[in-house]
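So the sequences go chain by chain: A and B.
Start counting at 1 in the first sequence, then tack on 104, and there's your number in this note's numbering.
Start counting at 1 in the second sequence, then tack on 32, and there's your number in this note's numbering.
Since the hints were derived computationally from the structure, they do not count as laboratory data.
Think of the CB as a built atom: it goes at the ideal place given N, C-alpha and C, for glycine as much as any other residue.
Please note that a few of the clues may not be correct.
[To be verified] Some chain A residues near chain B, calculated using beta-carbon distances under 7 Å:
{"#": "1", "residue": "116"}
{"#": "2", "residue": "121"}
{"#": "3", "residue": "130"}
{"#": "4", "residue": "147"}
{"#": "5", "residue": "158"}
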Amino acid sequence: MRITVDTGRCVGAGQCVLTAPDLFDQDDDGLVTVLDPTAGVSAGAAREAAALCPSGAISVAAD
Amino acid sequence: MSTGAEAPTPAPQCPVAFPLRQPGRPFPPPEYAQYRAGPGPVRTELPSGTVWLVTRHEDVRAVLTDPRISADPSRPGFPKASRTGGAPSQYEVPGWFVAMDPPEHGRFRKTLIPEFTVRKVRELRPAIQQIVDERIDAMLAAGTSADLVESFALPVPSLVISSLLGVPRADRDFFEDRTRVLVRLSSTDEERDKATQALLRYLGRLIQIKQRRPGDDLISRLIAAGTLSRQELSGVSMLLLIAGHETTANNIGLGVVQLLANPQWIGDDRIVEELLRYYSVADLVAFRVAVEDVEVGGRLIRAGEGIVPLLAAANHDDTVFAAPREFDPERSARSHVAFGYGVHQCLGQNLVRVEMEIAYRTLFARMPSLALAVPVEELSLKYDGVLFGLHELPVTWK
Numbered sequence: 105m106r107i108t109v110d111t112g113r114c115v116g117a118g119q120c121v122l123t124a125p126d127l128f129d130q131d132d133d134g135l136v137t138v139l140d141p142t143a144g145v146s147a148g149a150a151r152e153a154a155a156l157c158p159s160g161a162i163s164v165a166a167d
Numbered sequence: 033m034s035t036g037a038e039a040p041t042p043a044p045q046c047p048v049a050f051p052l053r054q055p056g057r058p059f060p061p062p063e064y065a066q067y068r069a070g071p072g073p074v075r076t077e078l079p080s081g082t083v084w085l086v087t088r089h090e091d092v093r094a095v096l097t098d099p100r101i102s103a104d105p106s107r108p109g110f111p112k113a114s115r116t117g118g119a120p121s122q123y124e125v126p127g128w129f130v131a132m133d134p135p136e137h138g139r140f141r142k143t144l145i146p147e148f149t150v151r152k153v154r155e156l157r158p159a160i161q162q163i164v165d166e167r168i169d170a171m172l173a174a175g176t177s178a179d180l181v182e183s184f185a186l187p188v189p190s191l192v193i194s195s196l197l198g199v200p201r202a203d204r205d206f207f208e209d210r211t212r213v214l215v216r217l218s219s220t221d222e223e224r225d226k227a228t229q230a231l232l233r234y235l236g237r238l239i240q241i242k243q244r245r246p247g248d249d250l251i252s253r254l255i256a257a258g259t260l261s262r263q264e265l266s267g268v269s270m271l272l273l274i275a276g277h278e279t280t281a282n283n284i285g286l287g288v289v290q291l292l293a294n295p296q297w298i299g300d301d302r303i304v305e306e307l308l309r310y311y312s313v314a315d316l317v318a319f320r321v322a323v324e325d326v327e328v329g330g331r332l333i334r335a336g337e338g339i340v341p342l343l344a345a346a347n348h349d350d351t352v353f354a355a356p357r358e359f360d361p362e363r364s365a366r367s368h369v370a371f372g373y374g375v376h377q378c379l380g381q382n383l384v385r386v387e388m389e390i391a392y393r394t395l396f397a398r399m400p401s402l403a404l405a406v407p408v409e410e411l412s413l414k415y416d417g418v419l420f421g422l423h424e425l426p427v428t429w430k
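Excised from the complex, chain A in its bound form (with noise of 0.2 Å):
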């Protein structure tokens, strides 16, 4: 699993961090970044952080 997000495109709407806190977190200008990318999150809550984001700003691929 890869995920790409696009802090260009994110709104700061904080969804992904609702959906999959392990994986997702707000910096200090409340934009997207990825933690860990190895953490022991599911691809469902990957895939599930990206379809809710408002402004299409995650990506998600199989690896």
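Please build the complex by placing chain B on the supplied structure of chain A, with the hints as guidance.
Just chain B now, kept in the frame of chain A:
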């Protein structure tokens, strides 16, 4: 946007009536289901002209993320819900960034994002809990009955947002009254103007005071950041103040009625997301206009035609939410569009979630005998508002 569609079908000959939210009728209106099942967006008339009602979850999301579709009410053809048909004057306020498109919108949104992160909202929990507890203390001290809207549902979010912004709590009546005028569909343009100018004058004075004596609050931090002009600061503050209390108040009130009818869910935090979906109080908030010809759900919408994505219709789309009229906190409701979608999705959504959660949990824990004082069908609902909710909520307790 379903890209696989063939030639868009022509609009129906007979425009449908709108708004469909009317006394004595269920909400969401049964027509929403009918429109979702139809061939695509439905053409109707508002005082401002022709608009397209968009009801499917997929189409609503598509409209709210399409760069060819604008949120700017100054563009010709933008839908206007007020009966007078005049431009809602609050949209002409500098810094009213919900009415801006990218890239202008981003300048305001980016300045505010750090104030509403999941972490920032978590840090506000003790302050929110204290506000909730104080309101319940006051109700318990005052007797065994109250209007829960006036005593709890409205003051809680109102005090939370004023404390966050640094607006004196003593001025609550002033800004709540003006907000009521702005969200009432039947208000005249003159009434709206007066309310807007009063709020802007008030916030302008407050900003002047904070420029001299900054506090530990959002407005003072925006002043210190120096990225917004003073006029923009007043507009942004007004927007946050209004959006921060009226919507949440409606959600809290409706949620209490739902939980009194279904007490098995009391204490279960999953109610929050399902309540947001179920009532979709901001059904009529996300108006748009096409800037270019655009296809939505198999229909061609021409440049300059208005678009009304009905958020409650999307949130009751049975292809996404099975048995949508059932209140079921166990369903996965997170993909609702109660906060909108796209770059304008509600900035304060995580604050709303926490306020609702703390409000319900504390209210029912501290007032376990809470009951409606009138039959549920006698409750006064906001059929006349931009936002759905309760005018009053008479309750009793022992």
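Hint check:
no. : hint : result
1   : 116  : holds, 3 Å
2   : 121  : holds, 4 Å
3   : 130  : holds, 4 Å
4   : 147  : violated, 17 Å
5   : 158  : holds, 4 Å
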